[in-house]
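J.: Spelled out, the chains give:
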Amino acid sequence: MTKIVRETAHGDAIRFSLFAVLILAMPVWLVPFGAAYPDLMQKFAIYGLFAIGFNILFGLTGYLSFGHAAFLGVGSYTAVWSFKLLGMNPLPAIALAILLAGAFAWVIGYVSLRRTGIYFAILTLAFAQMSYNLAYSVLTPITNGETGLRVLNSDPRVLDHMMGAGEVDGPLVTNLFGMEMSGLPGFYFCAVWLLIGMFISFRIFRSPFGLMLMAIKSNQNRMNYTGISTRPYALTAFVISGMYAGLAGALLCVTDPLAGAERMQWTASGEVVLMTILGGAGTLLGPMLGAGIIKYSENIFSAFNEQTLHNIFGFLPDGIEGAVVSVAGLFVGEGWHLTLGLLFMLIVIFLPGGLIEGGHRIQAAVARRGKGGGSGHQAQPQAAE
Amino acid sequence: MVDFLNPSRRGVLKGGAAVGAGLAMPTIFSSKAWAADYLNKPTGDTVTFGFNVPQTGPYADEGADELRAYQLAVKHLNGEGDGGMLNTMNPTVLTGNGVLGKKVAFVTGDTQTKSDAARASAKRMIEKDGALMITGGSSSGVAIAVQSLCQEAGVIFMAGLTHSNDTTGKDKRRNGFRHFFNAYMSGAALAPVLKDEYGNDRKAYHLTADYTWGWTQEESIKNSTEALGWETVNAVRTPLGAGDFSQYITPVLNSDADVLILNHYGKDMVNSLTQAVQFGLRDKQVNGKDFAVVVPLYSRLMAQGAGENVKGILGTTNWHWSLQDEGSKAFVKSFGEEYGFPPSQAAHTCYVQAILYADACERAGTFAPCGVVEALEGFEFDGMGNGPTLYRAADHQCFKKVLVVKGNENPTSQFDILEVVQEVPAEQVTYDPSIFGGELGECNNGA
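Protein sequence lines, in the order shown, are assigned to chains U and W.
Letter by letter, the first sequence follows residues 33 to 417 of this note's numbering.
Letter by letter, the second sequence follows residues 680 to 1126 of this note's numbering.
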């Protein structure tokens, strides 16, 4: 059984404002980590949104979807088509992407939610792989296959032409009423959506609807025996999280107007599961934390090469340096997946509640030390799932 | 319940301060960017190249070899090692003293053979590491995606292994350059050899990897074989990375085709060729002729994967380590001394691209992309392993000899898998740039 902790409104307000400050100040406090460049911060915000949405399904209802990348892909393709047909304004693209991803999620959810547990996971995985293969082959006229869908100068872009901004000399960049959505403005645009998404997630977690979802996770059979039909609730959660994924997919295209089929591959679906579990499934802030860590390792660790390692370990004597560099070399560069795998194993074995649980434990330890071992109730029991 | 709709006075103050601080942030970063006249202008004593290669995924072997070649090129540019092709390139202004007095530094990234990952990795190099030039890649889809990114950002893109006509055809960009040959050239070089070998009354069946490279190669090979008088029976698209091709090969057996053309690359080619041989295609007789298999784009790494099955099979490559000109010998020697085995064609084209870029900067006297573009357009050089070569201004494509190769019947070592049948001169593979459409556009200096 999960213990439901009554959170005060005041506590949530503080938490949310802290979160907002952290997100908006990313260009400053990420500098020492070497991550304060627009592209990576955009990815933090976008994948954070993706994971937050996924968490509404997985964290609250316990339904493990292995096919969320499909919605990310649908959102991306919709957004690029909106750029091509309507114009480079991101707002209609985002609106359409959310709607279409939601509709797509409804269809897949309607079928998949007839099963639970592993069968549900396999069904969603199958649907996502199907979408991926369709995008790759049969649907090439819509998706442009492996090459990816791009915006071309010859596209209609009706709204742009109406506004007299149809002919562009340079590259086509999305712009919000004249503000170009690349670099830092692009990041802030994504950050605003992330904050909106986070706010909604807060509201859902604290609502009766959220409580119902948690009840599904703790014992769906009992819910059914008491005469409550749980499926509409699960389906709603599925559609909401699909819409989050669609929004994330659209934002990926807003910051870089290109959609490729590999966004729908099962590895992308797996990634969001990893993010959520790494940070802490069912917690509010965990998925964002997990998304940040995974995107950080992908972009920073994978870029380490021997030269960088030699610079880092340059202070060591020659013989030892060589050995240290060759061992460390296994975990960076092309071996960054190994680092991630190890980290994931450590988390699952020692901190099943994710990094957030780690944070709680440290907090509890500090509190005990402060009060002389007063607050033993902080150690939380694990959910049965 | 949380009450966000009726915020406290304290909350409003806090939130306001946060938003204000956040909004003030961009100015810190933008103030510096406007100082330079082009993006990432090097201010220290080094200049940074970005090597964006597949380190994981189906083309990881090629990527690893490309990275080796790049590291060798950086060494040679900085005056370490034996200098490699710097000694044979003609004309050149490079002296092994870095580029424009700055030492060459590099950053690496993993494209994962995915457009998304490749673009993210290239963006990191440009935005964070200050790379002035991005190079690498082992897939045309990725090359085209990264090339357009570099055009938008305002840095130079020197394509690695990409064979699609589109890279310098309909998707060409002013800031992008390709040294590698393309599908059209493969067709033009291969056709006369096919005619000599198999005559001009053949029926061809194509299996094609379903993406930009496969499509353009199928089209080019079809055009040049049909010009010989061959008939195209069927052309079937196969998904990338299919693994099992038996469902595509069985219909070949039942058709009356007598030549199978495999427009596959990497692991796909290894699998489809191996299965075609297992199905007994090569021992078959159709229409009174021996059944033949053709692999238009060959690479040594691929041939190694397919082992025995490549014997006697015809194809084309950009370069092969057994060439005996001065440039190739110098490159094979320094690569061999460094790593203990001969370089692949991917390694060769990447090495040459890095050197050509450095040479163009030196001649232009600036790293500004527009200056480099001007220096590379119409540049003629020799001594880089392919004979006299022209970087054509109209589409940024190199024109040089193309090698027609055949799987070696009696290999003497594990690297001696291909034998060169013919070195097709550049004139025979040159085409009119307008046939593929596309616009180069204006060069972009970034900032």
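Everything labelled a hint here was simulated from the structure, so no lab data went into it.
For glycine and all other residues, C-beta sits at the position ideal for the given N, C-alpha and C.
Hints may be right or wrong, so weigh each one.
Unchecked claim - Here are the simulated distance ranges between beta carbons:
| no. | chain 1 | residue 1 | chain 2 | residue 2 | range |
| --- | --- | --- | --- | --- | --- |
| 1 | U | Leu184 | W | Arg1071 | 17 to 27 Å |
| 2 | U | Pro173 | W | Asp962 | 51 to 61 Å |
| 3 | W | Asn913 | U | Glu353 | 32 to 42 Å |
Stated by the list, open to error - Derived list of chain U stretches under chain W, where covered just means 3 residues or more per stretch with a C-beta under 8 Å from a C-beta of chain W:
| no. | stretch |
| --- | --- |
| 4 | 69 to 83 |
| 5 | 95 to 105 |
| 6 | 111 to 118 |
| 7 | 146 to 156 |
| 8 | 292 to 304 |
J.: Go through the numbered hints given earlier and state which of them the structure violates, listing their numbers in rising order.
T.: Violated hints (numbers, rising): 2, 3, 5, 6 and 7; every other hint is consistent with the structure.
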